Amino acid sequence: MDFRFSEDQLVLVESVRDYFSGTHGPEVLRRLDVDGNRDPAIWQALVDMGLTGLCVPEAHGGLGMGLVEAALIAAECGRVCLAEPLVDTAFVAVPWLIAKGETDKLSAIASGDHKVALPHVLNPWVADGEGKPQTSVDPLRNLAMFPASGSNDDRLLNLGALMNAAQLLGLADAMLEQAVEYAKIRTQFGQPVGAFQGIKHQLASCAVAVEFAKPVVWRAAAAMQDGLETAPVHVSHAKIAASDAAMLTAETAIQVHGAMGYTYEVDLHFWMKRSWALVGGWGDRSYHYKRLDAAVLGGSIPIGPEHTFA
Amino acid sequence: MDFRFSEDQLVLVESVRDYFSGTHGPEVLRRLDVDGNRDPAIWQALVDMGLTGLCVPEAHGGLGMGLVEAALIAAECGRVCLAEPLVDTAFVAVPWLIAKGETDKLSAIASGDHKVALPHVLNPWVADGEGKPQTSVDPLRNLAMFPASGSNDDRLLNLGALMNAAQLLGLADAMLEQAVEYAKIRTQFGQPVGAFQGIKHQLASCAVAVEFAKPVVWRAAAAMQDGLETAPVHVSHAKIAASDAAMLTAETAIQVHGAMGYTYEVDLHFWMKRSWALVGGWGDRSYHYKRLDAAVLGGSIPIGPEHTFA
Amino acid sequence: MHLHYTPEQEKFRAEVRAWMEAHVPKEPLVTLECKEGFDQHVEWERTLASGNWGMVTWPEEYGGRGLDLIQWLIFEEEYFRAGGPNRANQNGIFLLGPTIMEFGTEDQKRRFLTPMAKGEVIWAQAWSEPGAGSDMAAISSKAVRDGDHYVITGQKTWSSRAAFADWGFGIFRTDPDSKRHKGLTFILFDLNTPGITRRPIRQLHGETGFAELFFDEVRVPVENCLAGEGEGWNVAMATAGFERGLMLRSPGRFQATAKRLVELYRAHEAEASPSAREAVVQAWGAAQAYAYNTYAVASKIMGGGKIGAEASLNKIFWSELDRSMHRTAMLLLGAHAELKRFGNGQINQWLEGYIFSLSGPIYAGSNEVQRNIVAERLLGLPRVGAG
Amino acid sequence: MHLHYTPEQEKFRAEVRAWMEAHVPKEPLVTLECKEGFDQHVEWERTLASGNWGMVTWPEEYGGRGLDLIQWLIFEEEYFRAGGPNRANQNGIFLLGPTIMEFGTEDQKRRFLTPMAKGEVIWAQAWSEPGAGSDMAAISSKAVRDGDHYVITGQKTWSSRAAFADWGFGIFRTDPDSKRHKGLTFILFDLNTPGITRRPIRQLHGETGFAELFFDEVRVPVENCLAGEGEGWNVAMATAGFERGLMLRSPGRFQATAKRLVELYRAHEAEASPSAREAVVQAWGAAQAYAYNTYAVASKIMGGGKIGAEASLNKIFWSELDRSMHRTAMLLLGAHAELKRFGNGQINQWLEGYIFSLSGPIYAGSNEVQRNIVAERLLGLPRVGAG
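Chains as they are written, first to last, in full-length UniProt numbering: chain A, 1 to 310; chain B, 1 to 310; chain C, 1 to 387; chain D, 1 to 387.
Hint data in this document are derived by calculation from the structure and do not stem from the laboratory.
Take these hints with a grain of salt, some might be off.
The calculated DSS-like cross-link candidates involving lysine-lysine, where the alpha carbons are at most 27 Å apart (straight line), are [claimed, not checked]:
1) B:K105 <-> B:K132
2) B:K184 <-> D:K179
3) D:K340 <-> D:K35
4) C:K182 <-> C:K306
5) C:K340 <-> C:K11
6) A:K115 <-> A:K100
7) D:K11 <-> D:K109
8) A:K290 <-> B:K290
9) D:K109 <-> D:K142
10) C:K340 <-> C:K35
11) A:K132 <-> A:K105
12) D:K179 <-> B:K132
13) A:K115 <-> C:K340
14) D:K26 <-> D:K300
15) C:K179 <-> A:K184
16) C:K179 <-> C:K109
17) D:K26 <-> D:K109
18) B:K115 <-> D:K11
19) D:K26 <-> D:K11
20) D:K142 <-> D:K118
21) A:K132 <-> C:K340
Predicted, not measured: the structure shown is a model, and the values here were computed from it.
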């Protein structure tokens with residue numbers, strides 16, 4: 001029993017975070033917003049870091065890592081509001097294809113030559129897929145109408161929901177940090193607004209929500225990875241916890257920014273819009289609530305102090 | 001259309017409030033707590049003010065007033081955490097007896113010689129009634145086991161719920177005031193704790209909840225008084241709004257008092273305990289929620305801007 | 001307490017209803033935050049004025065109907081029942097109009113009120129500056145007296161309607177040595193005066209109805225000053241009082257939203273979570289509570305009472321209710337919430353509404369400032385300490 | 001990340017479970033806040049000690065089992081699974097014990113730890129003073145050196161267990177000219193020393209397990225000072241760290257409450273409101289989140305990491321979760337909530353628990369103070385301003 005990430009996992013996360021923080025700031029999002037929102041150079045960098053092949057078995061040219069690593073990187077994608085369809089392709093589609101034994105596209109995915117957009121009946125759209133375009137509030141999301149051939153496979157749904165939850169952690173972390181940085185420099189009534197308890201306590205409440213959502217998401221990733229029968233319950237728990245934390249943090253962050261937060265020139269809106277989008281996708285809050293409800297009140301998961309890791 | 005109280009109503013409230021503030025402070029509650037919790041002298045004073053006969057028709061020796069006046073006085077009873085069974089007798093039982101055409105006990109009630117404790121099937125106890133004693137968390141409440149002969153009459157329930165809601169407004173007002181007064185004098189970190197935004201904003205949120213519960217209660221009283229078909233919906237709305245405001249204010253008030261709020265020597269606990277008791281009585285939160293739900297989603301009340309006074 | 005409409009009030013309601021049913025555009029207008037939509041909304045202001053429904057609470061002599069506050073509430077209920085558009089003239093009706101009536105000279109009333117009532121002149125407000133948001137006393141844009149003109153230099157920001165409006169109003173520092181609340185003057189200015197540059201601010205939703213205003217030695221006649229030099233703070237406080245007070249957000253707006261939310265819920269009932277269900281029912285309750293409270297305050301004012309710091313309670317309540325109703329709708333919409341238009345082509349008004357609702361707790365004095373006001377002025381908590 | 005117990009851990013769990021099933025009292029004990037209940041709880045401490053389950057994380061040499069933190073969590077899970085009573089020795093196990101191990105001399109460890117582990121000496125804490133609650137640096141009770149004694153004069157309040165305990169610990173001002181955090185010393189004292197008067201504090205629920213302590217020239221040997229004169233603040237901060245940190249509230253407690261809440265809900269399902277339903281389901285989720293987080297922190301500490309200001313996140317989370325679970329229970333109980341005993345004679349533990357839960361956001365540093373710590377030390381917001 002060890003609820004820590006391994007050294008290797010931490011090194012992986014750190015290297016990806018370092019890369020993003022050096023190359024993928026808000027100015028990149030602004031450029032994409034104006035110039036067209038996909039950039040082969042960014043995609044190639046993800047390929048070069050091995051991220052498209054993160055979960056692809058080594059025999060197919062990937063790194064052969066698992067869902068915990070994928071969730072960790074998905075959180076980093078959320079943190080920088082990455083627009084490229086890395087998560088859907090490499091962390092949702094790849095594990096699903098592997099589970100189904102469909103391995104023929106894996107090496108093309110690892111090499112970055114093949115992107116996959118899987119439709120699911122719970123989503124009315126496909127992100128980065130083929131079909132009649134739909135406009136998202138998030139200018140960096142490319143949606144297409146839901147195709148008739150969507151899957152209703154639960155494992156696919158769980159992978160999508162888990163990775164949305166992980167991205168939402170990163171988004172929430174980033175929004176909280178943006179709000180904190182703004183609160184340090186914005187002065188009103190003779191002091192930084194972040195020195196007022198009225199602001200401090202709201203931001204502290206966000207920190208509580210985000211920090212206690214994190215272990216729920218990691219636990220869900222581990223449960224999926226380990227193939228626990230109860231994994232769907234943990235995924236739903238994770239999706240709700242991460243969604244609630246992100247919604248709260250988005251509302252608080254714009255409030256702390258004041259009128260500036262309502263402008264397009266402040267970066268926050270990219271992160272808020274992505275959060276709203278991911279909260280709804282791959283099973284919305286009500287959907288995941290119902291699964292949790294069925295588990296807890298319906299008795300499909302054992303509860304009580306001795307069942308922490310049921 | 002005039003959503004104000006009449007001059008007469010305001011004078012009535014003021015005179016009762018003046019009387020209580022001069023004679024019925026927290027020291028009275030402490031005395032009752034130690035010496036036995038009913039006091040004929042207090043009862044007699046209520047009789048002398050005409051409150052036992054407030055709703056009794058003049059022909060039977062009362063003041064012949066209505067439910068709006070009764071609700072206003074019930075709020076004052078809550079404000080001072082009155083222990084005597086005035087509300088149940090004079091504002092719940094009397095209007096119910098009148099509606100049923102049972103007038104024989106009215107003059108004895110008006111004169112203070114007869115108290116009435118009506119059992120209702122939704123209450124597991126009778127307050128100030130006959131039967132095997134039950135111990136309430138509120139040391140000033142005398143409960144007896146629910147008798148087999150309880151009524152399931154809706155009008156009785158609505159009267160009880162309305163008057164609980166009105167008392168809860170007064171209780172919440174008083175708890176908020178106690179917290180504010182304490183926050184003015186308690187110094188920590190070199191200033192009164194009430195000067196910190198962390199405390200200010202919590203108390204302001206209570207003020208919002210309480211102030212917006214008030215018109216809902218008055219509107220429910222008027223609806224009952226006017227015999228509107230939708231009155232039960234308004235009573236349920238009032239009970240929920242007042243209960244939620246009182247629960248929030250109780251939790252905030254003890255938090256603002258800090259450890260002192262947790263002592264018996266600070267007055268707050270009398271008001272908190274009464275609030276917890278009244279929140280549960282005459283139909284609990286879930287019961288009244290279900291009525292509201294049936295009205296709003298079930299369509300039994302017309303909704304929309306043009307139906308403010310439906 | 002008498003909660004019934006008189007026959008006259010019912011008759012008035014019927015009159016408003018009939019007119020609104022005949023005139024409110026069948027299709028929703030384009031958002032007022034872009035030029036096309038702004039023009040559509042100005043057109044609607046003129047339609048309203050043609051029926052004399054533009055400024056219903058104003059005295060008849062200035063183009064109003066002299067309605068009392070209960071009639072105004074009935075009017076608003078019917079306006080929102082019919083789905084009437086947002087008001088391009090919002091700043092004029094509820095902020096500047098009442099301010100001019102209270103503080104203006106006869107000449108100013110004549111010059112400004114009637115064109116406003118007719119929808120001929122649309123007004124922008126210009127309160128905030130980059131360094132003065134919630135802390136309005138930190139204003140630094142200055143107006144220097146030069147003969148019978150003020151020469152204005154400085155910058156305003158976050159001016160609603162300013163991208164497309166005709167005139168603007170705001171406060172400026174006329175005494176260069178003054179600090180905080182002193183030495184400020186309330187000035188009205190033509191937005192096309194030479195020296196004024198408007199830079200539209202692109203908002204979160206992408207539209208640009210708000211603007212920054214840059215003043216470079218802008219000459220404004222002295223007669224455009226309201227209530228005398230140095231009186232700016234008092235006038236602005238009165239104006240802000242109107243804004244936060246009774247009339248900024250009439251209850252009908254939220255009751256209409258609650259009703260739409262109930263309809264949305266019914267369409268999603270099968271799959272909705274319990275908390276969403278209860279939030280919908282509570283939304284109706286809260287919108288009703290806001291309506292009752294507004295009727296109570298209106299009754300009080302009609303009886304000669306005044307509204308003071310209680311206005312801050314209102315502002316907190318409606319802004320947080322509006323955000324919460326729209327958040328509930330977003331959660332009910334689920335994966336559809338992010339779509340700007342639904343599959344059937346319909347605009348996702350819940351998304352637009354949620355974004356707009358996020359500004360509620362910020363503008364017209366942030367809710368943090370409002371909670372301070374409630375705590376200090378209504379509850380009497382001490383102002384000691386910066387916190 | 002490896003979320004499976006080892007066979008040794010499973011074996012240990014089985015051992016704890018068997019012992020608890022055999023020894024945990026079948027009937028709930030009387031509340032520890034009165035003399036009768038206190039004695040029952042001390043008896044239970046001695047039963048625990050007889051099985052060597054009193055201080056499981058302490059080193060064996062001081063009467064513990066030297067368990068690691070994961071084993072401790074397993075122990076706690078089984079303890080709460082079995083419905084184990086509250087710990088009379090709480091102050092000793094989690095506060096003073098670790099403090100003595102970190103700061104005490106060998107002699108102090110020998111004198112104090114073993115009797116504590118055996119349940120022979122029960123400890124009270126004496127942090128707060130009437131003028132120093134959340135603001136602990138405002139302490140004014142003084143200890144004046146006189147030869148090989150300190151002479152203590154002053155007053156402590158809100159001392160948990162002090163009405164019935166044997167010994168107490170707290171900090172006192174040994175440098176009369178010092179201010180705030182300086183000049184304080186951590187001192188242990190026999191509560192029966194002449195000059196100490198205990199005045200029980202009657203709490204909200206009516207019981208009197210807490211006390212005020214009055215010190216009137218109380219002579220305490222210098223060897224009862226921990227970590228040297230003037231070091232009191234540092235020692236107290238370390239102690240308060242333990243309190244707010246990992247071990248004050250083990251997750252098992254809240255998971256057990258969540259489970260009971262699910263059972264309560266099932267009994268009231270037919271009539272419960274939707275928000276109550278969702279609150280019950282979320283209670284399970286939050287208790288689980290708290291457990292995961294505790295395992296994560298325990299894993300980190302076992303790997304050589306430290307817990308710092310994150311402890312404040314924990315304190316906020318568990319205290320507000322506990323209050324919210326009990327509030328939900330009160331609402332589910334409806335008209336029964338106010339009864340101290342139900343019709344069947346059973347004690348209303350939800351009522352007792354709700355009352356107790358109200359102290360959670362207050363004690364061990366109020367949640368307002370904790371939110372300041374989170375904002376300033378974890379998020380890096382400025383400390384400027386009194387607010």
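Verification of the hints:
With a C-alpha separation of about 25 Å, the suggested pair K105 of chain B and K132 of chain B falls inside the 27 Å cut-off, and the hint holds. Restraint check: the Cα-Cα separation between K184 of chain B and K179 of chain D comes to about 24 Å, which is no more than 27 Å; the hinted pair holds. For a cut-off of 27 Å, the pair hint linking K340 of chain D to K35 of chain D stands: about 19 Å separates their Cα positions. Distance check on the hinted pair: K182 of chain C and K306 of chain C sit about 25 Å apart at the alpha-carbon level, within 27 Å; holds.
Using a Cα cut-off of 27 Å, the hinted pair K340 of chain C and K11 of chain C is violated, with the two alpha carbons roughly 40 Å apart. Pair hint K115 of chain A plus K100 of chain A holds up; C-alpha atoms about 18 Å apart against a cutoff of 27 Å. For the proposed pair K11 of chain D and K109 of chain D, the alpha carbon gap of about 31 Å is over 27 Å, so the pair is violated. Pair hint K290 of chain A plus K290 of chain B holds up; C-alpha atoms about 20 Å apart against a cutoff of 27 Å.
For the proposed pair K109 of chain D and K142 of chain D, the alpha carbon gap of about 25 Å is at most 27 Å, so the pair holds. At roughly 19 Å between alpha-carbon atoms, K340 of chain C and K35 of chain C fall within 27 Å of each other, so this suggested pair holds. Taking the CA atoms of K132 of chain A and K105 of chain A, the gap is about 25 Å. The hint holds against a cut of 27 Å. Proximity of K179 of chain D to K132 of chain B is assessed by CA-CA distance (about 59 Å); at most 27 Å being required, the pair is judged violated.
With a C-alpha separation of about 25 Å, the suggested pair K115 of chain A and K340 of chain C falls inside the 27 Å cut-off, and the hint holds. A threshold of 27 Å between alpha carbons decides the hint, and for K26 of chain D with K300 of chain D the separation of about 37 Å lies outside it, so the pair is violated. A hinted pair counts as satisfied when its Cα atoms are at most 27 Å apart, and K179 of chain C with K184 of chain A qualifies at roughly 24 Å. Proposed proximity of K179 of chain C and K109 of chain C is contradicted: the alpha carbons are some 30 Å apart, above 27 Å.
In summary, the hint linking K26 of chain D to K109 of chain D is not supported, as the alpha carbons are separated by about 35 Å, beyond the 27 Å threshold. A C-alpha spacing of about 65 Å is found between K115 of chain B and K11 of chain D, which places the hinted pair above 27 Å, so the restraint is violated. A hinted pair counts as satisfied when its Cα atoms are at most 27 Å apart, and K26 of chain D with K11 of chain D qualifies at roughly 24 Å. With a C-alpha separation of about 32 Å, the suggested pair K142 of chain D and K118 of chain D falls outside the 27 Å cut-off, and the hint is violated.
For the proposed pair K132 of chain A and K340 of chain C, the alpha carbon gap of about 14 Å is at most 27 Å, so the pair holds.
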